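Using the hints, put the two standalone chains together into the complex.
Below, each chain spelled out in residue letters.
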Amino acid sequence: MKRSRSINLLRMRKVSGVFALKPLALCVALVFTGCGSNEQEADIFKNLEECKTTYPDLTAQCEMAFNEALKKAEDTAPRYKTVDDCIVDFGPDRCTSHRSSDGTSWFMPAMAGFMLARMLDDNRRYSTAPMFTSSINSSPYYNRWTTVDGNSYGDYRNRQVRTNSDAFRPQPRVTKTIERGGFGSKAAAASGWGSSTKSTSRSSWGG
Amino acid sequence: MRRLSIAARPHWKAKAREFGFNFHTMHGEPYWREDAYYSFTLAQIENDIEAATVELHQMCLEAVAQVVKSEALLKRFCIPPTYWDLIAESWRKHDPSLYSRLDLAYTGSGPAKLLENNADTPTSLYETGFWQWLWLEDQLQAGLLPAGTDQFNLLQEKLVERFQQLKYRFPNSILHLSCCQDSAEDRGTVQYLADCATAAGIANEFVYIEDIGINERGKFTDLTDAPINWLFKLYPWEFMLREPFADHIAASDTQWLEPPWKALVSNKAILPLLWSLYPNHPNLLPTYFEDDTSAQFSGKYVKKPIFAREGANVSIWQNNQPILTSSGPYGDEGFILQGYTPLPEFNGRHTLVGSWLIDGEACGLSIREDSSPITQNLSAYLPHVIEP
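Residue numbers (the numbering used here), protein chains in the order written: chain Y, -12 to 194; chain Z, 199 to 586.
Pulled out of the complex, with its shape left as it was, chain Z reads as follows (with noise of 0.2 Å):
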């Protein structure tokens, strides 16, 4: 794992207009950064990324198994008891997911460690799968990385075959799928989702969060009133079944991506219980729920919510101190601990692995550098390649 700088393509930004990615600037800051890419072995993306994703996954699932049948467990989940029912039946019946990201701490030697699973609502997906797919093939082409240079990103190609498996399981059903209003992140993350699922032949349309109705049946509606079967939601559960409409989620007989089950993959609460079921697994940090009183830390621990968004709410502690926080409106439902695993560094930046599944296979990766040891949202983006 190494960090290379490399020229960027000279006309990327008008190429990005011309692909619609109007998201490479935000908050004043680059977000897409190409400058530099990161480097890869083969046997690093197969040995310690690729089947420690897959294996994550497989322990998740098995997780979410025990949670479903332990009221105890859905407590320390923060899952509102009226929506029990909801999740247990939704795993029950199998209910299929689209996409996860894991996001690893990394160094290019020994295990990843998983930090948290974004199973529910990940985004930088269209960057992953297409924009740094792009920027490879025009740096091959113009000689600027060596013949055979690869990159572990079947993000696309899998996602296409996964909305084909999807529309055989739900016959002439329109997908909608639906973000919220003023993120053109997410509005550009979910119309490459509408692409993918176009390519795979699914009738699609689009709809705000905010604009979603109920009609007199009970079914959710989209702003011509058509009712909505299928949904693709870029947004949370942990939101979801707290707002007004939460009380019509199980009669609507809407299918949902990610499905109810996935606000127990998300969910921060999964992080202590993974140590549990699998104590000291390689690629498990000690986790402990916060009044746990059996939580023991050579070192360092990261305080999380149970419930955040994008490194917010996250601190650092040290001999019962903080030191390092990050601010937000979160927390209200309790923290986890989490043992301290430093990132790498490089070039003064740390540097998160995101390691991406469709359904449980891994297929994909991407690297976000942020200047804090807390992820946040105004982290870079950088591609990778898999070198020859």
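Isolated chain Y (complex conformation) (with noise of 0.2 Å):
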């Protein structure tokens, strides 16, 4: 046979309502994973020295953590377009100025440190993420330990603290888009010629 042996039906079928499937619930497997209660206990270092110390035997485990969450750091901290807009939420003492290869610039807040938690089987194997803290008195961060989502672990002198895993997840990379359209007006230029001839929707762009 030389064509597809079987095509699920089913799926390829667009009209809505008739066999609309919901979506399958996103937590199955409940009983086995616990799903939803997933606190573990966790460290926040204010750096990597601290780490080190307080795990001798662990202290490369300590590095990745360290360089991990540094790096997530930069990926996902809030950024501000004026140093004034940074300082207010963060402090004068942990805002740092950033410029990309394009020539933009933008203000973020410094890692303050890195919460690391290791699993209870494994202990080579670890979760690591960025903390961050304000020196403003008016801030909500302030004294305080936050995670880029902006969730609070309490007292910036805390070491030990509890977290579920979700402060690990991956966070989107901050965003914000600057310039649309800079696609398709070749299309839209080409697409001039002929069409007095196509009028109900023009040509395909393959071929």
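It cannot be assumed that every hint is accurate.
Label-pair ranges, simulated between beta-carbon atoms [as the list claims (entries may be wrong)]:
1) M(-12)(Y) to E253(Z): 19 to 29 Å
2) D445(Z) to S92(Y): 31 to 41 Å
3) T422(Z) to D72(Y): 21 to 31 Å
4) R112(Y) to A401(Z): 17 to 27 Å
5) P442(Z) to Y129(Y): 42 to 52 Å
6) R112(Y) to V252(Z): 38 to 48 Å
7) G558(Z) to P79(Y): 53 to 63 Å
8) R367(Z) to R149(Y): 34 to 44 Å
9) K(-11)(Y) to Q363(Z): 20 to 30 Å
10) M51(Y) to D283(Z): 26 to 36 Å
11) M(-12)(Y) to Y366(Z): 20 to 30 Å
12) D136(Y) to R440(Z): 35 to 45 Å
13) D136(Y) to K273(Z): 28 to 38 Å
14) R112(Y) to R440(Z): 43 to 53 Å
To be clear, the hints were calculated from the coordinates, so they are not data collected in a lab. For clarity, every value in this text was computed on a predicted model and none was experimentally measured. Don't be surprised by glycine CBs; every beta carbon is placed ideally from N, CA and C.
Written as structure tokens, this is what we have:
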């Protein structure tokens, strides 16, 4: 046979209503994984040294976790157009300036520490997340630990915290679209040709 | 290779609605026709089409390997110098490809001749992979086709398999799929690809080409500002590289389907290069750049723009005179000259064979018929079978 053996026609139907299937529940394995109650112990370290001192036999993990957190901070920390906007949230001593290769510049809080959660069954496996704090007393993060999603982890002096795995989920990179419509102009120009014969829908840009 | 009449399925238009095939009639003309079909022998499919398709594809890959290391050829292919690295890098990294369609002149006997390679943005995918497959199943069930009638059409199966492979190459990535606004045909093609990606377990989103944005980090974005990491674009590279966002492509770190190196395969400049790499190959027509003084044709030849779509700006020449010309907006980048080979005529219409590849594997056939020897966007699509 030189054709597809079978095609799931239910899936190919486009008329809604008759065969529309609800998406399956996301948390099917509830009993086994305990979806929703994934609390675990974690440490927050202000710097790499603190981690190494606390876990002298895990210095390599400390270093990797620290570097991963730094990278996550760079990608996901809030960004501000002006230094003043950043200071209002995090304080003058916490805001750093950045510039991308194309010349855009912005301000963002520096990572103030990192949270490390080790797996109970395997010391070498860990999760890590960057932590921030504010030195401005009008800020909700004043002297408190916070993650990039804005969750508070209590007093800045705390080191042992309880968290759930959500804290370590990949966070959306901070993005703001600065321009649209940079693709499609060639098609728009070419479609002017012969448009009088194509009243309803213009032609394919494929071929 | 025969053209045979058959009764259309009584309720096929209702069925088309049910399955979302809403471009079966375009520009006021029937695009999908099922009052007839083409019939091939298994030997014709396997020896003349399938084998030639795989070989031609491999020859095109060899041609790409030549182009990326030659500035002279990159110029010939009209790639803006700023993007030579983008394309060469994409080739060096083996950026994976999804699909291609070779347009072949094939009469039922003798070697199929490559007319061009739609390797970047081929359409008529849904009609081929799904809709003509369904037509065959229905007509077998209705007893209008003898049991054992088959079709060269593994397209959907292989497409899902290919997406499954790509899923492991880009784990956890969301695939964005994109086409231009106002084309029901393109939107339908992209929806079909989204369905196949979904079947392969790939999360996907849709964004129109015109709606794509760029963020302050140089990533392309969709309308929700979400970054686009992996993008299928039913939009030609030769357009993209000449548009305002072109400068952001390299730094955006986007994974592209088709990848940038496909800009060389879909380029008509590959046809003279193939002829110079594989002179007198049975599946090639003699082809030269317009300014090549060694160009020699025994009879008619065809002049085609380096970049053009859907048979626009093509002319057929004899004794240094154009005898047939199609209009269009293309041709600024120059032309190639290709030896003329007639398309077979059935019922007064000219028949073109489209031969599909998923990555490097030949896996299906589509048939277009046009009243003109130059197949254009009004040509009709007809299903085909392999006779039992």
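Evaluated hints:
1. M(-12)(Y) to E253(Z): 19 to 29 Å: holds, 23 Å
2. D445(Z) to S92(Y): 31 to 41 Å: Violated, at about 19 Å.
3. T422(Z) to D72(Y): 21 to 31 Å: Check passed, 23 Å falls within 21 to 31 Å.
4. R112(Y) to A401(Z): 17 to 27 Å: holds, 26 Å
5. P442(Z) to Y129(Y): 42 to 52 Å: holds, 44 Å
6. R112(Y) to V252(Z): 38 to 48 Å: Holds: the Cβ-Cβ distance is about 46 Å, inside 38 to 48 Å.
7. G558(Z) to P79(Y): 53 to 63 Å: holds, 59 Å
8. R367(Z) to R149(Y): 34 to 44 Å: Holds, since R367(Z) and R149(Y) (Cβ atoms, about 38 Å apart) stay within the stated range.
9. K(-11)(Y) to Q363(Z): 20 to 30 Å: holds, 21 Å
10. M51(Y) to D283(Z): 26 to 36 Å: Check passed, 33 Å falls within 26 to 36 Å.
11. M(-12)(Y) to Y366(Z): 20 to 30 Å: holds, 27 Å
12. D136(Y) to R440(Z): 35 to 45 Å: holds, 41 Å
13. D136(Y) to K273(Z): 28 to 38 Å: For K273(Z) against D136(Y), whose Cβ atoms are near 51 Å apart, the range 28 to 38 Å is violated.
14. R112(Y) to R440(Z): 43 to 53 Å: holds, 49 Å
Violated hints, listed in ascending order, are 2 and 13; each of the other numbered hints is respected by the structure.
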